[in-house]
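Could you build all of it, start to finish, from the sequences and the hints given here?
All residue numbers for the sequence shown refer to the numbering used here, where the first residue is 278 and numbers rise by one.
Any given hint might turn out to be false.
[Said to hold, decoys possible] In silico DSSO-like pairs for lysine-lysine, Cα to Cα no more than 30 Å straight-line: (1) 527 x 477; (2) 477 x 451; (3) 348 x 360; (4) 370 x 383; (5) 476 x 514; (6) 360 x 408; (7) 560 x 549; (8) 527 x 514; (9) 451 x 521; (10) 476 x 444; (11) 370 x 408; (12) 348 x 383; (13) 408 x 476; (14) 408 x 383.
[Stated by the list, open to error] Label pairs and their in silico Cβ distance ranges: (15) 325 x 383: 37 to 43 Å; (16) 339 x 399: 31 to 37 Å; (17) 534 x 420: 44 to 50 Å; (18) 390 x 318: 53 to 59 Å.
For the record, the hints were derived by calculation from the structure and aren't laboratory data. If you're wondering where the values come from, they're calculated on a predicted model, not measured in any experiment. Cβ coordinates follow ideal geometry from the N, Cα and C atoms, glycine included.
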Amino acid sequence: MRTIASTFLFILISASAMAQDAAPATSFWRDPFNDPLFPFYLVIGFVFLTAFLVIIVAIYMLQVLNVFIRKAAEERAEKLGVKYVAPPSYWSKFWDQINAFRPAEKEADIMLEHNYDGIRELDNHLPPWWKWLLYGSIVWAAIYLVVYHVTGSLPLMEGEYQAEVTKAEEQRAKLLALNPPVSIDESSLTYSADEAILKKGRQIYVTNCASCHLADGQGSIGPNLTDDYWLHGGSIKEIYAVIKNGVPEKGMISWAPVLSPEQIRDVAFYIKSIHGTNPPNPKAPQGVLYTEEAAPSADTVKTSI
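Written out as structure tokens, the structure reads:
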């Protein structure tokens, strides 16, 4: 027994020392197998499991033994010619013990001298189960103090919050590594009829823009996006800038805080693609007639020597 106690004490002291030396960046639950207190908790769990199994086996053996004792008592009573009276069960004894009931015939011994209109007061003590709860809360407070404040094997609320923030940052970094953001150079942005870009742009448009410009771009609160007239320019760079910066004086918000540069590009390309589609019931033209600039000539100049 002394050897077991010494071993247990050594594990506790060494685990506590290792916990103080270790960096508190991670909690026990994030990496329990590499935590310095893992051997200590493993021993504690093994002790409690063994004690639980021993108690279960002991209860079962007591029940079996009680059956044999009862049969022997019944046979003895039958031989003596008397009626067998079963003793109180373990449960009834336990119930009486945890409540410390006093028999009615002993009430006179605990009756106080106070008399309230014929109502007498008994000097009953607190029931044992209430005291056990009090003692248990004290033990729990001691365990809580050691686990959370002495060894630091489990984090406090602030530590849990920081751990969740760190975990979220790690997940965000993984997502960004898998899907790195696309850098958009507004000064050199050129329109492309890429089907994948236009498909994503339409989804963004239907979700965010159709309420003002309608699903086909014919215009409602906002202007018609399919004709040749534009309020702020019809080039792809100008469309991108309007979506990004918004037009606050006309009720259009800036979408830069909501959409990424890549998403703004996608929806700008989609708006450019629906030009000239002639949807039903288009809104009257607004703004200035926009004519697409001609692409620079690719011809080369030949000089003769």
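query = Looking back at the numbered hints, which does the structure fail to meet, lowest number first?
reply = Violated: hints 6, 10, 12, 13.
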